[in-house]
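Chemist: These protein sequences, in sequence, are chains X and S. With positions in the first sequence counted from 1, the corresponding number in our numbering is that position plus 213. With positions in the second sequence counted from 1, the corresponding number in our numbering is that position plus 725.
Just so you know, these hints were derived from the structure itself, not from any lab. Please read these numbers as outputs of a predicted model, since none were measured by experiment. Any given hint might turn out to be false.
[To be verified] As a list, the in silico EDC-like pairs of lysine to aspartate or glutamate whose alpha-carbon atoms are at most 20 Å apart:
(1) X:LYS231 to S:ASP815
(2) S:LYS834 to X:GLU243
(3) X:LYS308 to S:ASP741
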Amino acid sequence: MAKLVATLASTHHPFYLKATTAPPEQQMPEAPTWKRKIEAYRETLAKAEPDVLVMIGSDHFHQIFLDNCPQFLIGKAERYDATFYNEEREFGIPKYVLEGDEPMSRFMHQHLMNQNFDFAFSNELKIDHSIICPIITVRPQNDLPVVPIYTNIFAPPLHTPKRFYEVGRAIRKAIDDYPSDKRVAAIGTGHLSLELGGPRQFMETGPDPEFDRQAIEWLKSGDIDAILENVTHESMAQSGNATHGFLNFILMLGVAGPEGADYVDNLDLFHTMEAYFTWYPKEAAA
Amino acid sequence: MSKYYVNKFLYTVDRDPELLQRYIDEPRTFVATWEQSIGPKLLGNDVEASTVHSLTHEEREALVNHDYQALFEMGAHFFLNLTLFIGIYDEPYMNRSGPLSFQREMAAKLQHWRGKDYPSVET
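Full structure from sequences and hints, please.
Modeler: The following block contains the structure:
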């Protein structure tokens with residue numbers, strides 16, 4: 214059976230590449246610290262020596278739109294293009310091609326369906342910054358095949374926090390049951406408190422620093438009970454209109470299991486709190 | 726209710742540099758063209774068209790006037806409403822007033838929504 218060797222959950226920040234590759238005199242003051250933290254986080258993946266990456270993100274209305282919007286979707290393709298025109302325009306993220314692992318996608322899709330999770334699938338999925346940002350940060354050599362999974366965190370109605378956790382558990386089981394000797398790392402990205410297109414956007418901190426501190430503590434201790442008791446769609450909206458990206462952190466805690474994280478770091482940036490977590494599995498999913 | 730159609734406008738224009746330039750250059754003409762010949766097309770299909778959507782007068786005027794405040798208040802999706810107007814205004818604002826100046830002006834114009842439930846973006 215395949216072996217899950219690491220679970221990474223982090224925020225994704227599309228400005229990272231531009232912020233850290235600009236000429237030094239044009240870089241924001243936080244850029245050197247940001248780069249150091251990312252390189253330390255990258256090492257938590259490298260030391261696990263993965264063969265394949267299961268990557269969880271959320272399309273930001275780049276390929277998926279409101280005419281046909283799945284709650285959960287798995288990519289099943291031999292390779293994936295990445296970066297849309299408007300992301301190049303806004304963030305300076307270049308084009309990428311990611312190799313897929315179609316047999317693993319196929320297995321996981323069937324396994325998730327067998328667990329009663331109705332995943333949509335795509336044979337032509339173009340990846341956006343929710344998945345290319347973590348490639349840039351934790352695997353910039355882009356040398357591993359990926360199984361991409363998209364969640365809907367943007368277009369109401371959204372699934373419940375509990376369902377996101379359960380999907381994470383199901384993904385973990387599908388990885389554990391994959392008949393292969395591959396070493397698998399799961400990497401998912403989302404948000405802490407975040408506001409986009411609203412009155413609290415691009416302030417000096419994220420819109421709800423108190424939620425950010427609390428969320429980091431919950432994830433650090435793996436306290437899914439506290440998360441499910443306290444985090445609702447309404448509470449996330451109060452913390453910022455794009456805070457629903459926290460659902461992907463909940464999903465990743467499902468992949469890791471309700472355990473304390475082995476690596477935790479964060480960085481307060483100009484309009485959002487960055488956070489980085491890694492869990493190394495203690496045992497297979499029940 | 727045509728919130729979907731407003732979002733479809735924002736979505737189709739934001740992802741296409743040629744459409745974006747036309748929207749910058751001649752917004753009233755472009756919105757009319759979009760409504761007649763681009764909006765009705767099914768996404769990913771140049772042959773089939775839909776007959777079931779149209780913009781309201783208020784929505785049409787908000788799009789013509791690049792009125793992102795009105796669009797926010799009508800429940801246009803916050804991400805689409807932000808990224809399209811970043812595509813139009815970020816660079817000129819940055820050249821004049823520095824990084825993120827457009828984004829901060831947009832936030833300033835929406836300050837009266839702080840502490841309130843924002844208009845729903847559900848379609």
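Chemist: Hints first: check each against the structure and report whether it holds.
Modeler: Okay, the hints, checked on the actual structure:
no.: 1; hint: X:LYS231 to S:ASP815; result: holds (16 Å)
no.: 2; hint: S:LYS834 to X:GLU243; result: violated (28 Å)
no.: 3; hint: X:LYS308 to S:ASP741; result: holds (16 Å)
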